[in-house]
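Whole structure, please, built from the sequences with the hints as guidance.
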Amino acid sequence: AQKITQTQPGMFVQEKEAVTLDCTYDTSDPSYGLFWYKQPSSGEMIFLIYQGSYDQQNATEGRYSLNFQKARKSANLVISASQLGDSAMYFCAMREGGDSGYALNFGKGTSLLVTP
Amino acid sequence: DAGVIQSPRHEVTEMGQEVTLRCKPISGHDYLFWYRQTMMRGLELLIYFNNNVPIDDSGMPEDRFSAKMPNASFSTLKIQPSEPRDSAVYFCASSLGLAGSQETQYFGPGTRLLVL
Numbered sequence: 001a002q003k004i005t006q007t008q009p010g011m012f013v014q015e016k017e018a019v020t021l022d023c024t025y026d027t028s029d030p031s032y033g034l035f036w037y038k039q040p041s042s043g044e045m046i047f048l049i050y051q052g053s054y055d056q057q058n059a060t061e062g063r064y065s066l067n068f069q070k071a072r073k074s075a076n077l078v079i080s081a082s083q084l085g086d087s088a089m090y091f092c093a094m095r096e097g098g099d100s101g102y103a104l105n106f107g108k109g110t111s112l113l114v115t116p
Numbered sequence: 001d002a003g004v005i006q007s008p009r010h011e012v013t014e015m016g017q018e019v020t021l022r023c024k025p026i027s028g029h030d031y032l033f034w035y036r037q038t039m040m041r042g043l044e045l046l047i048y049f050n051n052n053v054p055i056d057d058s059g060m061p062e063d064r065f066s067a068k069m070p071n072a073s074f075s076t077l078k079i080q081p082s083e084p085r086d087s088a089v090y091f092c093a094s095s096l097g098l099a100g101s102q103e104t105q106y107f108g109p110g111t112r113l114l115v116l
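If you read the protein sequences in the order shown, they are chains A and B. Every letter in the first sequence is one number past the one before it in the numbering used here, and letter 10, counting from 1, is 10. Every letter in the second sequence is one number past the one before it in the numbering used here, and letter 78, counting from 1, is 78.
Read the hints as simulated data drawn from the structure, not as lab findings. What you are looking at is a predicted structure, and each value in this text was computed from that prediction instead of being measured. Treat the hints loosely; a few may be bogus.
With a straight-line Cα cutoff of 30 Å, these simulated DSSO-like cross-link-like pairs (lysine-lysine) come out [unchecked claim]: (1) A:3 / A:73; (2) B:68 / B:24; (3) B:68 / A:3; (4) A:108 / B:68; (5) A:3 / B:78; (6) A:3 / A:108; (7) A:70 / A:16; (8) A:108 / B:24; (9) A:73 / A:16; (10) B:78 / A:108; (11) A:108 / A:16; (12) A:70 / A:108; (13) B:24 / B:78; (14) B:78 / B:68; (15) A:108 / A:73.
And the structure:
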């Protein structure tokens with residue numbers, strides 16, 4: 001079964017606008033971590049933001065914020081004031097603890113294109 | 001601080017040849033991960049180490065793949081003999097620990113492998 005679901009294969013947003021990239025996850029483990037990574041066309045994986053399952057507040061890192069809705073098992077990434085350099089693939093990932101090991105399970109990604 | 005370093009960045013080889021990929025994790029990080037990224041399967045964990053000891057190698061495709069971590073600052077992933085289906089981007093990642101934000105995995109730039 002898919003652990004991480006990203007339902008938007010591609011998204012467009014105009015420069016300076018905000019955009020939300022969707023991510024839902026599936027786990028029965030009470031302890032888990034959620035991550036977002038950016039992969040530009042150059043190929044590297046760039047860490048953006050982390051949310052722990054026990055964190056009370058939504059994580060924020062500069063223009064990135066994570067809209068964490070635990071009951072709905074969603075962890076959407078919000079990018080405010082989009083810039084042309086934000087055009088890239090975005091991956092949501094989850095780490096389940098304990099017996100599941102510590103591998104990251106990645107979604108299939110969302111391709112974001114920021115237009116002038 | 002230097003990030004995760006991988007070499008080579010690109011490798012083109014012929015079927016049947018031995019391929020060795022190298023990784024230097026971020027200094028002080030206790031966990032090292034090897035991932036493979038393909039269009040068909042996305043990002044998948046191959047193996048990870050804790051304090052130089054392999055913990056989970058269940059993702060290693062077959063006996064042709066082997067990984068070592070002789071010390072805290074160096075790891076190798078070897079494919080012998082290589083096959084065209086091994087063509088992929090191989091990422092190395094490291095993390096400080098497994099608690100809270102320490103579990104964030106930082107990725108190297110990747111090695112693009114093409115097996116002809």
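Quickly compare the C-alpha distance for residue 108 (chain A) and residue 16 (chain A) to 30 Å and report which way the hint goes.
holds, 26 Å
Can you confirm whether the C-alpha distance between residue 78 (chain B) and residue 108 (chain A) stays at or below 30 Å?
holds, 26 Å
Satisfaction of hint between residue 78 (chain B) and residue 24 (chain B), Cα-Cα up to 30 Å
With Cα atoms ~15 Å apart, residue 24 (chain B) and residue 78 (chain B) stay inside 30 Å; holds.
Verify the proposed pairing of residue 108 (chain A) with residue 73 (chain A), using a straight-line Cα cut of 30 Å.
holds, 17 Å
Straight-line Cα separation of residue 73 (chain A) and residue 16 (chain A) no greater than 30 Å?
Holds: residue 73 (chain A) and residue 16 (chain A) sit about 28 Å apart, inside 30 Å.
Pair hint outcome, residue 108 (chain A) versus residue 24 (chain B) [Cα-Cα no greater than 30 Å]:
holds, 27 Å
Against the 30 Å threshold, does the CA-CA distance of residue 3 (chain A) and residue 73 (chain A) hold or violate the hint?
Holds: residue 3 (chain A) and residue 73 (chain A) sit about 11 Å apart, inside 30 Å.
Hint check: residue 3 (chain A) vs residue 108 (chain A), CA-CA at most 30 Å. Holds or violated?
holds, 11 Å
Residue 70 (chain A) and residue 16 (chain A): Cα distance at most 30 Å?
Holds - the C-alpha atoms of residue 16 (chain A) and residue 70 (chain A) are around 29 Å apart, at most 30 Å.
Verify the proposed pairing of residue 68 (chain B) with residue 3 (chain A), using a straight-line Cα cut of 30 Å.
holds, 29 Å
Decide if the proposed pair is consistent with the structure: residue 68 (chain B) and residue 24 (chain B), CA atoms, cutoff 30 Å inclusive.
Roughly 12 Å separates the two Cα atoms, so the pair holds.
Is the straight-line distance between the alpha-carbon of residue 3 (chain A) and that of residue 78 (chain B) 30 Å or less?
holds, 29 Å
When the structure is compared with the earlier hints, no violation turns up for any of them.
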